[in-house]
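There are 2 protein chains.
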Amino acid sequence: MAVGPASLPNFNAIPGLRLGTACAGIKKPDHRDLVVMELAAGSSVAGVFTRNAFCAAPVTLCKQHMKAEAPGYLLINTGNANAGTGDQGMQDAIACCEALASNTSASRETVLPFSTGVIGEKLPVEKIQQGIPKALSVLSEEGWEDAAWGIMTTDTRPKGATRILEFQGQQIRISGISKGAGMICPNMATMLAYIATDATVDQSDLQQLLSEAADQSFNRITIDGDTSTNDSCMLIATGQGVKVERDGELWPLFSEAVSELLLELAQAIVRDGEGATKFITVSVEQAINVEEALQTAYAIAHSPLVKTALFASDPNWGRILAVVGRAGIENLDIDGLQIYLDDVCIVDKGGRADSYREELGQAVMDREEIQIRVLLNRGNACEQVWTTDLSHDYVSINADYRT
Amino acid sequence: MAVGPASLPNFNAIPGLRLGTACAGIKKPDHRDLVVMELAAGSSVAGVFTRNAFCAAPVTLCKQHMKAEAPGYLLINTGNANAGTGDQGMQDAIACCEALASNTSASRETVLPFSTGVIGEKLPVEKIQQGIPKALSVLSEEGWEDAAWGIMTTDTRPKGATRILEFQGQQIRISGISKGAGMICPNMATMLAYIATDATVDQSDLQQLLSEAADQSFNRITIDGDTSTNDSCMLIATGQGVKVERDGELWPLFSEAVSELLLELAQAIVRDGEGATKFITVSVEQAINVEEALQTAYAIAHSPLVKTALFASDPNWGRILAVVGRAGIENLDIDGLQIYLDDVCIVDKGGRADSYREELGQAVMDREEIQIRVLLNRGNACEQVWTTDLSHDYVSINADYRT
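These protein sequences, in sequence, are chains A and B. Everything in the first sequence is counted per our numbering, starting at 231 for the first residue and increasing by one. Everything in the second sequence is counted per our numbering, starting at 231 for the first residue and increasing by one.
Since the hints were made in silico from the structure, they are not lab data. Warning: the hint list may mix true and false statements.
Repeated chains share a single entry, so a pair holds when one copy, or any two copies, can fit it.
[What the hints assert, rightly or not] Only pairs whose alpha carbons sit at most 30 angstroms apart, straight line, appear in this in silico DSSO-like list of lysine-lysine:
no.	residue 1	residue 2
1	257	357
2	352	297
3	579	364
4	579	297
5	473	293
6	352	293
7	473	579
Keep in mind the model is a prediction, meaning the values are calculated, not measured.
My request is simple: use the sequences and hints to build the entire structure.
What follows is the structure, encoded as structure tokens:
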């Protein structure tokens, strides 16, 4: 199950970035499971990573390599997360980077490794070593679509976004892919995203942009509240095109375009959430501060009772009201609170809105995309998070995954 | 589905407390849905209530009445929570108390009201008014079993516990009933518990005992993380028997017995959790403080990924490890951490324990009652919470409830 149309865009190639995808047989034969990205000299690379204390070996190594040298390659495998694998896992991650380095006469530290798949099983290093030359042999600026397929795990469809920014006769190209499904399912080491632009951007500007944009996109989506050992989101500027500086005229346009693309990729992960039949936007407005708005939004987005009601298309306003009541807001004035389903007011003055009728709520609930909007009447802070319903398929997928 | 044996105990009657149960037809005909408890003069009553900001009208009124007069009656209806009902809800709760008062020549403030059932629908006051004389006509010290049935909503079975404490030839009797199922399903206004003893206890001592005991029992159970608008737990001392004082010799025995009985009633709610097929004890040991231990325990107990793995009897240690990693513990030393399933060590030194074999984990997972034990290696604090797995039946029950 997934929500909304499934088609990939026609990716705009990014000069300075070539992608190669291969079948390395990591878990299944003839399944695209290995992706190499080759970056032109002079590229800037920014990254944000999981905050899970048990971060996987490739995440640790990737951060080390980014500090040591300018990145030249990204190496991504699916089918095995190389997480919870101890010292052996680190040796295996190093061996994979060395294999790519020796095939390309680069140094090992220029290779950034990423893994996603089952936790706790030894990485099949030999298969990856054998797959690398195959991936290198098909490197192409046109390789985005194959790569979008190559990074998938339990995803039911590939995810990509692309755009061209035009400014005074100049063009900036931005393309990206993501994978996720269960967000963030530790067992699948789920969330990966790679976004590239041909713009020329200083690394520190790029990192700041990515951190801010990821915070408003990948850090605002939730399917089951779990976060992975392997989550990574990388932003690459190949430096082949227009120079964009933080104080410059182009920056607002550029940063907005990158942020929008990240949000599109992040929302695509929710739309393909495990067992998802609905795409839910939870908006909390009029909060005293951001923390309170997020706390309330996540309480709603994580409530199994709200999520099962959404699955049942049941306009069960009592469940939403009760979750807001337990969200931990100090001195909440329930009489001032309002809750909407899309444009239908369901809760007003501490109870069901006088104007509310079941058929109005039902009409909204029958939609595939629904906004739950909570007005706290306390301040000006406003935050949104995106999530899914909780379906039988979610239980099936996660109860049956390893068997 | 429910875990463990379903039988009610042979309740010990509590001198000074009579119970009467009737069919008032609130939601269904010929269904026990109204319970009256009559307290002897001189009884002490303590209560703990939901912290949900949207607490229901009867909860608000109950607290007011407890402050105003010594309680003489408890009036409990199922089928309707009288929550999210605004001013009308308060008028209706008052009307029910008045009806009981006028039938018994008591004052309205001596009646403590409790409601559980659907949220947001007007309380059928007339049916309750008509049911009260029926319940009063069957008041009996032997009425515990009927009352245990009478307070049920989506529960699949009644819940009760009872014991007699013997001390130097003296006896103290304690009996209690609870209801819960989905803990704490806002739509069912779920968790109610009534415990009574014939001991003579000052109200302030009784309140302190209840607060402490509820904190270690009803506040340590979770099925889906939601909390209700109507949760109430009442402890009654009828004063017909032995005097027990906080500084006295009997207090440790008495308080331990009451605490054990509360825990038994609380765990019975988990065992009958919506769709439950497993009873899970999550123990977090060697934490720096209680907050950290609870934070970690609840992160595990609320993780849909862990709960679906439990439902599948899948010894998926990677999911437990990843949840501990995201539980928000500052500077967690993953190398010092250990995780056990019952007595099987599954995680050691940041990864799968060397001694672990899948068949050992599987043998534990095949059990109906399982302990997940996390040793943080940071301090001496230790906390336990109790929960269930997440099954297809949970989704079915909560997706289909209103239809």
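Against the structure, the hints come out as follows:
no. : hint        : verdict
1   : 257 <-> 357 : within (10 angstroms within a copy, 64 angstroms between copies)
2   : 352 <-> 297 : within (26 angstroms within a copy, 64 angstroms between copies)
3   : 579 <-> 364 : neither (64 angstroms within a copy, 36 angstroms between copies)
4   : 579 <-> 297 : between (55 angstroms within a copy, 26 angstroms between copies)
5   : 473 <-> 293 : within (26 angstroms within a copy, 67 angstroms between copies)
6   : 352 <-> 293 : within (21 angstroms within a copy, 59 angstroms between copies)
7   : 473 <-> 579 : neither (53 angstroms within a copy, 47 angstroms between copies)
Going down the numbered hints, you'll see the structure goes against 3 and 7, while the others check out.
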